[in-house]
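Colleague: Sequence:
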Amino acid sequence: MAIKSKNLKISIGEVEEEREYKELEGPTPNPDIADLRDWDLKLLNRYKPKYYGFIQQCQFCALGPCDLSDNRKGACGMTLERHLAREGLQLAITGASAHAAHGRHLIEALIEKSGRNFPLDTAENTEVKSPNIQLVCGYKQETIGDLERGLNYIEGQITKLASCLNVGTESSDFDFNSKALHAGMLDHVGMEICDIAQIAALNFPKGEPNPKLAEFGFGSVSKEKPVILCIGHNVLAGASAIDYAEANNKDVEICGICCTALDLGRYRTGAKIVGPLSYQLPYIRSGIADIVISDEQCIRVDILENLKKLKTPLIATTDKYVSGLEDLSDENSEVIIEKLMSREIPGCYLHTLEKLGEVAVKVAVMIKERKINERKRAENHNDGKTQNLNLNLYEGAIKKTSDCINCGLCIKSCPVGVDNRLIIRSINKIFNEKESETNEKAKDEKAKDEKAKDEKAKDEKAEENKAESKAQFLFCWEDVSENNVDFIKFLKRWNIESKDIAISKEDNVVRVIDKCTNSDLLAIKIKDNIIVEIKNEKFEFIVKEENGKLNIYEEAGKLKNKIINLLRQKEYSITSLAKEIGCSRQYIYNVLEKISKEKNNEISKRAFGKNTYYSLIKGLNEYYKITERVKECVECGNCTRNCPNNIQISDLIISIKEGKGIGAREISILKNCAMCGLCQEKCPKKINIKEVVRVERERTGIKDELKFLTREEILESIGKCIFCGRCESWCPKQIPIVSVFIEIYKDRLANDKAKISPGRGAIQDVEIRNVGQPIVFGEIPGILAAVGCSIWPNGGKELGEILEEFIKRNFIVVVSGCSAMAAASDYSGTYNLFEKYGGNFGPGNLVNVGSCVSNSHITGAAMKVANIFAKRNLRANFEEIADYILNRVGAVGLVWGAMSEKAVSIGNGVNRLGIPVILGPQGIKYRKELRGDVENPYENNSEIFEYERKNLGLLDRWKVYNTTNGEIFDSEPAPLHLSYAAKTKEEVMILISKLTLRPGDNTRGRSIKLSHYIDIYRKYSGKGKDAFPDDLDKFIRMEGDVPMAMADEIKEFLKSKNWKIRKIVDPTIVRRMANVK
1 MAIKSKNLKI
11 SIGEVEEERE
21 YKELEGPTPN
31 PDIADLRDWD
41 LKLLNRYKPK
51 YYGFIQQCQF
61 CALGPCDLSD
71 NRKGACGMTL
81 ERHLAREGLQ
91 LAITGASAHA
101 AHGRHLIEAL
111 IEKSGRNFPL
121 DTAENTEVKS
131 PNIQLVCGYK
141 QETIGDLERG
151 LNYIEGQITK
161 LASCLNVGTE
171 SSDFDFNSKA
181 LHAGMLDHVG
191 MEICDIAQIA
201 ALNFPKGEPN
211 PKLAEFGFGS
221 VSKEKPVILC
231 IGHNVLAGAS
241 AIDYAEANNK
251 DVEICGICCT
261 ALDLGRYRTG
271 AKIVGPLSYQ
281 LPYIRSGIAD
291 IVISDEQCIR
301 VDILENLKKL
311 KTPLIATTDK
321 YVSGLEDLSD
331 ENSEVIIEKL
341 MSREIPGCYL
351 HTLEKLGEVA
361 VKVAVMIKER
371 KINERKRAEN
381 HNDGKTQNLN
391 LNLYEGAIKK
401 TSDCINCGLC
411 IKSCPVGVDN
421 RLIIRSINKI
431 FNEKESETNE
441 KAKDEKAKDE
451 KAKDEKAKDE
461 KAEENKAESK
471 AQFLFCWEDV
481 SENNVDFIKF
491 LKRWNIESKD
501 IAISKEDNVV
511 RVIDKCTNSD
521 LLAIKIKDNI
531 IVEIKNEKFE
541 FIVKEENGKL
551 NIYEEAGKLK
561 NKIINLLRQK
571 EYSITSLAKE
581 IGCSRQYIYN
591 VLEKISKEKN
601 NEISKRAFGK
611 NTYYSLIKGL
621 NEYYKITERV
631 KECVECGNCT
641 RNCPNNIQIS
651 DLIISIKEGK
661 GIGAREISIL
671 KNCAMCGLCQ
681 EKCPKKINIK
691 EVVRVERERT
701 GIKDELKFLT
711 REEILESIGK
721 CIFCGRCESW
731 CPKQIPIVSV
741 FIEIYKDRLA
751 NDKAKISPGR
761 GAIQDVEIRN
771 VGQPIVFGEI
781 PGILAAVGCS
791 IWPNGGKELG
801 EILEEFIKRN
811 FIVVVSGCSA
821 MAAASDYSGT
831 YNLFEKYGGN
841 FGPGNLVNVG
851 SCVSNSHITG
861 AAMKVANIFA
871 KRNLRANFEE
881 IADYILNRVG
891 AVGLVWGAMS
901 EKAVSIGNGV
911 NRLGIPVILG
921 PQGIKYRKEL
931 RGDVENPYEN
941 NSEIFEYERK
951 NLGLLDRWKV
961 YNTTNGEIFD
971 SEPAPLHLSY
981 AAKTKEEVMI
991 LISKLTLRPG
1001 DNTRGRSIKL
1011 SHYIDIYRKY
1021 SGKGKDAFPD
1031 DLDKFIRMEG
1041 DVPMAMADEI
1051 KEFLKSKNWK
1061 IRKIVDPTIV
1071 RRMANVK
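By this note's numbering, the letter at position 752 of the sequence shown is numbered 752, and the numbering carries on one by one without gaps.
FYI, nobody ran anything at the bench for these hints, they're computed from the structure. Beta carbons are placed, not taken as given, at the ideal position from N, Cα and C, and that holds for glycine. Please note that the accuracy of each hint is not assured.
[Stated by the list, open to error] Derived pair list, reagent style PhoX-like, types lysine-lysine, alpha-carbon separation capped at 25 Å:
1) Lys579 <-> Lys538
2) Lys690 <-> Lys671
3) Lys140 <-> Lys22
4) Lys311 <-> Lys746
5) Lys308 <-> Lys400
6) Lys492 <-> Lys400
[Said to hold, decoys possible] Label pairs and their calculated CB-CB ranges:
7) Asp327 <-> Glu835: 40 to 46 Å
8) Lys160 <-> Asn248: 46 to 52 Å
9) Cys636 <-> Gly417: 28 to 34 Å
10) Ile702 <-> Ala1045: 56 to 62 Å
11) Asp327 <-> Asp251: 28 to 34 Å
Generate coordinates for the entire structure from the input sequences, incorporating the hints supplied.
Modeller: Next comes the structure, spelled out in structure tokens:
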């Protein structure tokens, strides 16, 4: 048989027809895992890894775990730096494989539905339809079937990369980082395959700048209709439900969470976009969904657990997320529906798309009818109860906050540092009516107890007064003299000795005078009673006329009672008590001795340093009881280890046990103790430590200083929660904290409605032609791409502020995935960002490309700038295109609130193109940055860098070739970093303005960029409106770069920095791109 065809290659097991291609094939078609290693070396020579070893152990093999801290090595020779680099590779592979597997499932399903030859019509006015595939793989695609070739390449590469994770396969931290960049590049190819396939086959918007806005938000879903909730990233399952509902005229509400929501909105704008990943738990517990469809990626592990409580069925639709459910794909639809409706099973695995749509829609309709009937039944019976359904999982959750023991474990568990304890405590105080009633009862009981105690005390006092009703004679007024025995005895009470005094008696006043100083020591005035004045203190005594004389008496027990009252309030030393009473220390000793004899165990005596402290024990000798129990302490330290707040509670117990007294350290422990009682749960002697702390706090006068939030502050604080639910599993009282927050927040959630662009898809070639030149020359200040999750307190609000700041500065701002949703919901006034700004790829606009897989269009746009504007060949020409982007295209990526491994792989792919990525505060948990300001030599890799410098033209860190003549020049540190974890919104904004600077900027463009950099620095750095960035001089090459409006100020600044003019060159870091002689 003869085969006649042009451009046909035949190999065993594969037939490839070469498409017509105007461009010549570049040097790296389908690059293997080390084929772009030289380019990575250039990047990683400039941008060194800074590692963060939060867990400094390796647990990869059976010889572990190996402690790698303090320069230790593992059993295989592994070091911490290489281990962290390997973990970075693992994260990148995981993320890339998620999109590759998504692509495989999508392509196979679409080929089955539409055929291999379905044309790839992906963007209007566009020749370069798949820049990532063309750049990396070196071929064009015309049909969906053509995409398999790219998938085969990706899957083979991912397998090779995964093999490098095996113990003993790779040994270089440089090469681990190089391979991680390779995984990121593959991820962008995989994402592009996914998105152009679904754009073509499912008729998504084809690069349309302003697609119809979709409804977004928790409150956008119509609860009156049967609700089908789709969660994940693969749109096929939700699309099948939409198709069935449309074909059968079923009025159902189909909505989504995460990227599948955006793709549903691209498929049909009538589909509702509920929100990003953080909405999953609140929305499911709200009970709004009648049935849930899961597909793959970013789905919570505990979805099924929550749905079981609601008796809401789950249909898993991909083999990547089966969730332990029974596979009913081969079962008859009616049988599946019966099993789900009868609750014989909580859900099922159903991967047959046609059957899936029918089952999901029919079950949703039937469950909605069941709920309506249940509500009617409850109304008819007037009991408010629905026996067969739990309509939501949050109602009544607030009441459970009364169980909170204030331990603070919810704070420790929160991954983003929200003070859940303060929120729960405040909710309990303000919202919990039952708790308020309980508190009132407790107050009444307490008042009764106090009254009973007061009455008992009065009775005791009456008995005491009765027993001591006989007044005690002190001295006779007429007999007062220096020699009168009774008067001298009275003076000794005040520490006054008779030999040093003189007595002056005038009318009704007796003065006792110090002979040495001639000053008054004591004055006694007689009226109806005797008043003794000493050191501004007044004491009253009784006067009785007997036998023609005035005798002075003291009310029996009066001084003793005063001492008792003082000791009831707090501890006193003998000296301080004598000073308070105004008498001698010996007299106080005598009174205390008398009290001790009369009332055994009423006085507590505590030695501390040189002083002895006394206090009166209240109640049933509480202090002696606890000290007796504390003596049983075996000093095991369990109480300290079990303390949720890391308080050294054992130190307090041991101090009391040893009778050392309460010092500053113990006071600190008493103040910081939450009195949750968790410490005593592990005590082998069952000591009531909580009671010990209570008594000691009472004795030392320490009062609880609990703070509470107002209603508005509670709502604001809940807004910071990412609703992950981790705190719930830490709570020892099993308080459903997320459900509590939902119940408090339900009104706000119900009003959470907005408009959002569901995603336009690719950037058109014509748009690139319009903006290519101003981007490259710097006249458009930059491209800001906010991607990934925004799981961070106030993440959406802060992200919105960042985006609008740069939209107003004429940046091209691009968003995708959950970042697009966060910006739509948490940052909106009268109109949100998608309603305020246009969607075309131009300055001052907000462009939503779509879901996670649409991120490939952002890197694709950067590639198109090099290809369309600069006429650089795209086909299999990765190094040249990346070099052009690094030196000329002022793009910056932002992941504000990173979460999944996909953020790592997406970021690595962006980095390999020379585009910097800023991570939010959580990004540090990915354990690595690539920074231009650190010196971190790669372990055992110095030889390769030296060899490259000598033989292959590797340049020092901030040097570039001039492409016109091959000369080497000093360059500004631009972009300064390749990946960096910023700590605050303000730091992010300053970094964005700086990281858009490129060596290839012309003077006008550089002047514009520097103007923004200085203005943003002054606005957000906190250093004042006249401040300049410390590194400003490094980015000014000649006077033409200086912003005209600040010329005089900047010139003065440059003088202080000894600035010198530098030549502006056409930069490259690739020697073959320069005319090197």
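Colleague: Against the 25 Å threshold, does the CA-CA distance of Lys690 and Lys671 hold or violate the hint?
Modeller: Between Lys690 and Lys671 the Cα gap is close to 13 Å, so the pair holds against 25 Å.
Colleague: Within a Cα-Cα threshold of 25 Å, do Lys308 and Lys400 meet the stated pairing?
Modeller: Judged against 25 Å, a Cα distance of about 21 Å means the pair holds.
Colleague: If I claimed the Cβ atoms of Lys160 and Asn248 lie 46 to 52 Å apart, would that claim hold in this structure?
Modeller: holds (47 Å)
Colleague: Measure nothing beyond the straight line between the CA atoms of Lys492 and Lys400; if it is 25 Å or shorter, mark the hint as holding.
Modeller: Not satisfied, since the Cα-Cα distance of roughly 64 Å exceeds 25 Å.
Colleague: Given the hint that Lys579 pairs with Lys538, does the C-alpha gap stay at or below 25 Å?
Modeller: Given pair Lys579, Lys538 holds - Cα atoms ~13 Å apart, limit 25 Å.
Colleague: Indicate whether the distance between the beta carbons of Ile702 and Ala1045 respects the range 56 to 62 Å.
Modeller: Holds: the Cβ-Cβ distance is about 60 Å, inside 56 to 62 Å.
Colleague: Could you tell me whether the CB distance from Cys636 to Gly417 stays inside 28 to 34 Å?
Modeller: Holds: the Cβ-Cβ distance is about 32 Å, inside 28 to 34 Å.
Colleague: Is the straight-line distance between the alpha-carbon of Lys140 and that of Lys22 25 Å or less?
Modeller: holds (11 Å)
Colleague: With the threshold set at 25 Å, check whether the alpha-carbon distance from Lys311 to Lys746 stays at or below it.
Modeller: Given that 25 Å is the threshold and the Cα spacing comes to 21 Å, the pair holds.
Colleague: Could you check the hint for me, namely that Asp327 and Asp251 are 28 to 34 Å apart, CB to CB?
Modeller: Check passed, 31 Å falls within 28 to 34 Å.
Colleague: Take the C-beta atom of Asp327 and the C-beta atom of Glu835, compute their distance, and say whether it sits inside 40 to 46 Å.
Modeller: Hint holds: Cβ distance 45 Å, inside 40 to 46 Å.
Consistency with the previously given hints fails for number 6 only.
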